[in-house]
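Asks: Here is what each chain is made of, one letter per residue.
There are 2 protein chains.
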Amino acid sequence: MINVEILRLSHRIHRDIRLSSHVALTCRAFNCSKMYYSGDKDASLENTLIGINKKFGSNFTIEHIKNPERLINDKKNDDYKIIHLTMYGISVKKKINVIKEEKRILIIIGSEHVPGVYYGLADYNISITSQPISELSALTIFLHEYFDGKELDIKFENAKVRIIPQEKGKKIINS
Amino acid sequence: MINVEILRLSHRIHRDIRLSSHVALTCRAFNCSKMYYSGDKDASLENTLIGINKKFGSNFTIEHIKNPERLINDKKNDDYKIIHLTMYGISVKKKINVIKEEKRILIIIGSEHVPGVYYGLADYNISITSQPISELSALTIFLHEYFDGKELDIKFENAKVRIIPQEKGKKIINS
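Protein chains in written order, with our numbering: chain E, 1 to 175; chain V, 1 to 175.
Note that these hints are calculated values from the structure, not bench results.
One or more hints might be untrue.
It does not matter which identical chain is meant; a pair holds if it fits inside one copy or across any two.
The calculated DSSO-like cross-link candidates involving lysine-lysine, where the alpha carbons are at most 30 Å apart (straight line), are [to be verified]:
| hint | residue 1 | residue 2 |
| --- | --- | --- |
| 1 | K171 | K100 |
| 2 | K160 | K100 |
| 3 | K81 | K168 |
| 4 | K76 | K160 |
| 5 | K103 | K76 |
| 6 | K160 | K75 |
| 7 | K66 | K93 |
| 8 | K66 | K94 |
| 9 | K66 | K160 |
| 10 | K94 | K41 |
| 11 | K95 | K155 |
| 12 | K66 | K155 |
| 13 | K81 | K160 |
| 14 | K41 | K150 |
| 15 | K150 | K94 |
| 16 | K55 | K81 |
| 17 | K66 | K150 |
| 18 | K171 | K41 |
| 19 | K41 | K93 |
| 20 | K168 | K94 |
| 21 | K81 | K150 |
| 22 | K55 | K76 |
| 23 | K41 | K95 |
| 24 | K170 | K160 |
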């Protein structure tokens, strides 16, 4: 049984609210089970996800943590592999087939500056291009590669509304 | 000769600075030639990209525009196809092979609310999941599919510094 969790480091309420909420929404839609985040505790971020779950389904959860290093060590003791996404790491193309063998993973994404300790704690430091992009773009590509694109077809059973794809305009139905 | 350009609608300086700059950085790294943006003109956003180009290479440009509908019509007259990314559109998996035949494309991404006129102007309204995610996640997956993952291997000839991928830590060299 695959379980993919995310650790978002150093969330800052005012500066990061939109980016962190987009990270969480992408994790939810792309088949991750949980996002942990450190930095500022943010009720608005958490409530956004609760509201989306209620409307569109999924059991995705979000949890604020104070000590990310301890979380990582706990996950390692629980046989998770730790993937740190960084522009300085090895190309995702070279490592994705090995990482796909791992069924329980914790993916770490930072904001601008990630302390060196996380490079050491990670089992894999992985880059999505060796260029400055975005932790959200990097995470999106990583998940797409890890799940072989199947994450694009997920349907959530407990959805109240569903969107029916249209050539033009919008179609939303109540489930 | 492939030319991919982006139109980012309705940028708001304080609210969107990080997200719009991450969009622009991703476009640059993923082989797009130009990003147009409407809404607030933002020198900080433009200077971020100029600085990244100087250091890491590429001729990616960014331009503020006042009238996005006129830009779209100009591009249509210039034989561009218009792709609008929206959770209400047809799945990227169903349309990507047709869209790959198009060599000059303008991709429109909005922020929370996109006026209906853009759905009508677009040649293709395309969804990356029928779930709320992020315009940046959607754009990232679209580009990855359009370029068949080759965008991850781009090297910029005019770079001053290059990152050498490492298992642990960081290695940066001057070109």
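Asks: State for each hint whether it applies.
Replies: These are the hints, each one checked on the structure:
1. Proximity of K171 and K100 under a CA criterion of 30 Å is satisfied inter-copy only: 26 Å between copies versus 36 Å inside one chain copy.
2. When the C-alpha separation of K160 and K100 is checked against a cutoff of 30 Å, the pair qualifies neither within a copy, at 32 Å, nor between copies, at 35 Å.
3. For the identical chains of this complex, K81 and K168 are inter-copy neighbours only, at 15 Å across copies versus 43 Å inside a copy, given an alpha-carbon limit of 30 Å.
4. For a Cα distance limit of 30 Å, the shortest separation of K76 from K160 qualifies neither inside one copy, at 37 Å, nor across copies, at 38 Å.
5. Taking the closest pair of Cα atoms, K103 and K76 come within 30 Å of each other only inside a single copy of the chain (13 Å); across copies the shortest separation is 46 Å, beyond that limit.
6. Taking identical chains as interchangeable, the C-alpha atoms of K160 and K75 are never at most 30 Å apart, the minima being 33 Å within one chain and 39 Å between chains.
7. For the identical chains of this complex, K66 and K93 are neighbours neither inside a copy (33 Å) nor across copies (40 Å), given an alpha-carbon limit of 30 Å.
8. Taking the closest pair of Cα atoms, K66 and K94 never come within 30 Å of each other, the shortest separation being 33 Å inside a single copy and 43 Å across copies.
9. For a Cα distance limit of 30 Å, the shortest separation of K66 from K160 qualifies neither inside one copy, at 34 Å, nor across copies, at 39 Å.
10. In this assembly of identical chains, K94 and K41 lie within 30 Å of each other by CA distance neither inside one copy nor across copies; the values are 36 Å within and 40 Å between.
11. When the C-alpha separation of K95 and K155 is checked against a cutoff of 30 Å, the pair qualifies both within a copy, at 28 Å, and between copies, at 20 Å.
12. Taking the shortest alpha-carbon separations for K66 and K155, neither the intra-copy value of 33 Å nor the inter-copy value of 39 Å comes in at or below 30 Å.
13. Taking identical chains as interchangeable, the C-alpha atoms of K81 and K160 are never at most 30 Å apart, the minima being 34 Å within one chain and 35 Å between chains.
14. With identical chains, the CA atoms of K41 and K150 are never at most 30 Å apart, being 32 Å at best within one copy and 39 Å at best between copies.
15. Proximity of K150 and K94 under a CA criterion of 30 Å is satisfied in both settings, with 20 Å inside one chain copy and 13 Å between copies.
16. In the homo-oligomer, the alpha carbons of K55 and K81 never lie at most 30 Å apart, since the shortest distance is 32 Å inside one protomer and 34 Å across protomers.
17. Taking identical chains as interchangeable, the C-alpha atoms of K66 and K150 are never at most 30 Å apart, the minima being 33 Å within one chain and 39 Å between chains.
18. Proximity of K171 and K41 under a CA criterion of 30 Å is satisfied in neither setting, with 36 Å inside one chain copy and 34 Å between copies.
19. Taking identical chains as interchangeable, the C-alpha atoms of K41 and K93 are never at most 30 Å apart, the minima being 35 Å within one chain and 37 Å between chains.
20. With identical chains, the CA atoms of K168 and K94 are at most 30 Å apart between copies only, with a shortest distance of 15 Å across copies and 39 Å within one.
21. Taking identical chains as interchangeable, the C-alpha atoms of K81 and K150 lie at most 30 Å apart whether they share a chain (21 Å) or sit on different chains (27 Å).
22. For the identical chains of this complex, K55 and K76 are neighbours neither inside a copy (34 Å) nor across copies (37 Å), given an alpha-carbon limit of 30 Å.
23. Taking the shortest Cα distances, K41 and K95 never come within 30 Å of each other, neither inside one copy (33 Å) nor across copies (41 Å).
24. Taking CA atoms no more than 30 Å apart as the test, K170 paired with K160 passes inside one copy only; the shortest distance there is 16 Å, against 46 Å between copies.
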